[in-house]
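Just so you know, the protein sequences line up as chains A and B, in that order. At position 157 of the first sequence the residue is numbered 157 (UniProt numbering), and the sequence of numbers has no breaks. At position 176 of the second sequence the residue is numbered 176 (UniProt numbering), and the sequence of numbers has no breaks.
A few of these clues could be false.
Unchecked claim - Covered by chain A, per the in silico footprint, the following chain B stretches (three or more residues, Cβ under 8 Å):
#1 35-42
#2 78-89
#3 135-142
#4 215-229
#5 304-317
FYI, nobody ran anything at the bench for these hints, they're computed from the structure. Built from N, CA and C at the ideal position, the CB exists for glycine as well.
Number of protein chains: 2
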Amino acid sequence: MSFAFEVLHRDAGSAARLGRMTIRGIEVPTPAFMPVGTRGVVKTLSSQEIKDFGYKIILSNAYHLYLRPGHKLVEQLGGLHRFMNWDGLILTDSGGFQVFSLARLRKLTDEGVLFQSHIDGSSHLFTPELCIEVQEALGSDIIMCLDDVRGYPATREEALEALLRTTRWAALCLGAKKRVDPALFGIVQGAMYPDLRRLSAESLADLNLDGYAVGGLSVGEPRELMVEMFEVTLPLIFEAVPRYVMGVGKPQDIIDGVLRGADLFDCVLPTRNARNGTLYTSHGSVNIRNSRYRDDPRPIDPQCQCLLCSSYSRAYLRHLFQEREIFGLRLATLHNLSFYYHMMENIRIAITQNRLHSLARDFSVQMEETDD
Amino acid sequence: MSFAFEVLHRDAGSAARLGRMTIRGIEVPTPAFMPVGTRGVVKTLSSQEIKDFGYKIILSNAYHLYLRPGHKLVEQLGGLHRFMNWDGLILTDSGGFQVFSLARLRKLTDEGVLFQSHIDGSSHLFTPELCIEVQEALGSDIIMCLDDVRGYPATREEALEALLRTTRWAALCLGAKKRVDPALFGIVQGAMYPDLRRLSAESLADLNLDGYAVGGLSVGEPRELMVEMFEVTLPLIFEAVPRYVMGVGKPQDIIDGVLRGADLFDCVLPTRNARNGTLYTSHGSVNIRNSRYRDDPRPIDPQCQCLLCSSYSRAYLRHLFQEREIFGLRLATLHNLSFYYHMMENIRIAITQNRLHSLARDFSVQMEETDD
Numbered sequence: 001m002s003f004a005f006e007v008l009h010r011d012a013g014s015a016a017r018l019g020r021m022t023i024r025g026i027e028v029p030t031p032a033f034m035p036v037g038t039r040g041v042v043k044t045l046s047s048q049e050i051k052d053f054g055y056k057i058i059l060s061n062a063y064h065l066y067l068r069p070g071h072k073l074v075e076q077l078g079g080l081h082r083f084m085n086w087d088g089l090i091l092t093d094s095g096g097f098q099v100f101s102l103a104r105l106r107k108l109t110d111e112g113v114l115f116q117s118h119i120d121g122s123s124h125l126f127t128p129e130l131c132i133e134v135q136e137a138l139g140s141d142i143i144m145c146l147d148d149v150r151g152y153p154a155t156r157e158e159a160l161e162a163l164l165r166t167t168r169w170a171a172l173c174l175g176a177k178k179r180v181d182p183a184l185f186g187i188v189q190g191a192m193y194p195d196l197r198r199l200s201a202e203s204l205a206d207l208n209l210d211g212y213a214v215g216g217l218s219v220g221e222p223r224e225l226m227v228e229m230f231e232v233t234l235p236l237i238f239e240a241v242p243r244y245v246m247g248v249g250k251p252q253d254i255i256d257g258v259l260r261g262a263d264l265f266d267c268v269l270p271t272r273n274a275r276n277g278t279l280y281t282s283h284g285s286v287n288i289r290n291s292r293y294r295d296d297p298r299p300i301d302p303q304c305q306c307l308l309c310s311s312y313s314r315a316y317l318r319h320l321f322q323e324r325e326i327f328g329l330r331l332a333t334l335h336n337l338s339f340y341y342h343m344m345e346n347i348r349i350a351i352t353q354n355r356l357h358s359l360a361r362d363f364s365v366q367m368e369e370t371d372d
Numbered sequence: 001m002s003f004a005f006e007v008l009h010r011d012a013g014s015a016a017r018l019g020r021m022t023i024r025g026i027e028v029p030t031p032a033f034m035p036v037g038t039r040g041v042v043k044t045l046s047s048q049e050i051k052d053f054g055y056k057i058i059l060s061n062a063y064h065l066y067l068r069p070g071h072k073l074v075e076q077l078g079g080l081h082r083f084m085n086w087d088g089l090i091l092t093d094s095g096g097f098q099v100f101s102l103a104r105l106r107k108l109t110d111e112g113v114l115f116q117s118h119i120d121g122s123s124h125l126f127t128p129e130l131c132i133e134v135q136e137a138l139g140s141d142i143i144m145c146l147d148d149v150r151g152y153p154a155t156r157e158e159a160l161e162a163l164l165r166t167t168r169w170a171a172l173c174l175g176a177k178k179r180v181d182p183a184l185f186g187i188v189q190g191a192m193y194p195d196l197r198r199l200s201a202e203s204l205a206d207l208n209l210d211g212y213a214v215g216g217l218s219v220g221e222p223r224e225l226m227v228e229m230f231e232v233t234l235p236l237i238f239e240a241v242p243r244y245v246m247g248v249g250k251p252q253d254i255i256d257g258v259l260r261g262a263d264l265f266d267c268v269l270p271t272r273n274a275r276n277g278t279l280y281t282s283h284g285s286v287n288i289r290n291s292r293y294r295d296d297p298r299p300i301d302p303q304c305q306c307l308l309c310s311s312y313s314r315a316y317l318r319h320l321f322q323e324r325e326i327f328g329l330r331l332a333t334l335h336n337l338s339f340y341y342h343m344m345e346n347i348r349i350a351i352t353q354n355r356l357h358s359l360a361r362d363f364s365v366q367m368e369e370t371d372d
C-alpha cells in the first residue's frame, strides 16, 4: 500500500487546506480537480495533453467500462492505464451514481442494485463485491465503494435507508478488496439531512478507509443546500484523509468546497460545457456561438496560455462551432481544462498565502461578468 | 512572384518525376499529397499536427469559405493562414467542383455559375472575377481558375461546352488577378474524351499559367477510365510546370498518377475514411469497427510511428469508435495522414532510385490484403 496524504498548510481564514496525496510515487497537490474520462478517454483529448496541463489524476467510471468494453477485457489488455496510455493516477467511481442517473429500472436490495443497461437494456446486478472486482480489474489507483444514491428531494426515510445501505456496502467493499495497492474511499450519504450526514460519516469512519467522499450532491438540489451540505459534512471527515466532493462543480462551487475543507473534485462541466461552446475565462464565461464573436480577432482569454488562446481568434473558434468542426470541440476542451488547472493552482497558492477568502471574493466578481 | 518549379529527376522506367515547387521560400518536394482543409481546418487536427507530419501545403475551398464565414471576414482577420494558424502553403480550389457537387439549382452561363447555397438556399453568382477575388482575399498561395465541371457520363456536346467555357473563364481569371504573389493554375477539362482533353490542354496552354490541373475526374467514372485520362492528359501539360490531379485519390490511384507524370494530389479519402473507421496500413486496410479487433492488443500498423500506432492498441481504437468518442476520429485521422505522408515519401525515394514500377507492384499486392 503506497497511499499517503499529508496536510501541509491550513488557510488562516477558512477550513481550506493545502495537501499532498501520494500514490505509487506520484504526488498530487491538493486541492485538486480531476478531469473526467468516463469511457477511458477525457473527451476529445489525448492522455499526453492531460499530462501536459499538469494534471496527475483523472476520474473514470466503473459503470461505463464494466458495460463496454468490459472490465475483464481491459484487464486482459493490461489495465486501464495501459489501455488509454495514461501513466498518471486513476480514480474510478463505483457506479452507484451512474446506476442512479443513467440505468433503467433500478431495483435496490441489500445484496446490490439490479439495473438495465442504458446501452442495450441488458440486466445486471451490481454488488459491492462486483464493484470492487471491476475496479481492481481496471487497475484503479483509488477505488470508490458502491453507494446507494437517491434523487432530490428524498424523504428522511429514503435517505436513512440509503445511508445505512451505503455503510453496509462499504464494509462489504472493504472485505471484498483483494489487491493491496489501490486506496479505498467511502462515500458519505444522508441527502440534505444534516443529522443523517453525521450518522453516515460516523458509521463509515469505523471502517478507517483511505479517504472519504461527500456523495449524493449535484442531484438537483439548490446550490445553497449543496454548500450547506459541504459545511455540514466536510468537518465530519477525519482531518488526516482526503475529502472528496463528488461531481462538483462550477468554479464557484469548487471554491466553496475548498473553503470548507475539501481536497478533491471531479466534474464533467469544463469538458461538457466546452463541447456546448461555453468557455471559462478570467473575465466570466463566453458562449462562442454568440454572433458578437463573428469578427472578433481577440483570443478567448488574453491571460490564458492554452493552444486556443495562444494561436486562434474568437472568430475562428466561432467559425469551427458554426461548421460543427470537431477541432473546435477539442480547442474548447483544452481551454476549459487549462482554466480549471490554473484555477486550482491559484487556489493552492492562495491557501499558502492565507488569502483564500480574498481570492474567492475576486473570483466571484470576475465570474459574474458573463456575456450570456 | 515567388513561384518556382523544378524537375530534379525523372524515373527511368516511367513518366514519373521528382520535383520541387517553391513558393514564398517554402519548398514542397513533389510528388506531393495535400491534406484537405475544406473549411479552414483539416478535420479533427491542429495546423501544428499537419506541420509535424512534414506536410508543407494543404488544400482549402473558396466555395465553402465564401459562403461561411465569408472571404471578406477572413481577409479582415488577416487571411486564411493567420485565421487557421497555418504557416505552410495553401492551395484553394476555385469552387467549380463544389458548385457542381454540393450546390442546388446550378445554372451555368458564360458569365458564371448561378447556384443556391447548400447551407441556406441563398442565391449566388460565382463568376471568374469573384472566384479570383475570393481566393485573393483568403490569401491563397495557389489559386485555381473557375472551371465548368460536368458529371459522368457527359455527352460530347456537354463536354465540349464545358471545356470551352473553362478556357474562357481561365482567361478571365488571369485578367482579374490583382495580386502578384499567388500562383494561378488552370484546370484541363474534356470529360472522358481524349481529343477534348487535348483541345482543353492546348487552349489553356496559351495562357502560360503557373501550373495545370487535371479536373473533372472522380465524378463517378470507372477507375480504368480515370487512369486512361491520366495517361492522355498529363503528357499534354508542359514539362516545366506542376501537374496536379484534383480530388485523387486512393493510394493506388496516386501511384498511377505519379507513374504518368503527376506532381500534386489532394483527396478527402484519408481523412474521411479515418472518420468512418477505415485505416490504411502497410498490410492493407483495416476497418476498426470489425469485431475481430475487440481484444486485439496490437497497434494498427507496427511499421507506423504515429501517435495511434505508438501508443494505443486496436482494441482501444475500436472501443473509441464503439463509444463514438471524438478522440478516436482524431487518432484515425492522424494515422491515415501519416500513412499518406510516408507513402509520398516512399514514392519520391523510389523515383530517385528509378524503381517506381517495382514499388507500385509491391504496393498493389500489399494494399489488397484488406480485412474487409
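### Query
What are the numbers of the hints the structure violates, in ascending order?
Hints 3 and 4 are the ones this structure does not satisfy, whereas the remaining hints hold.
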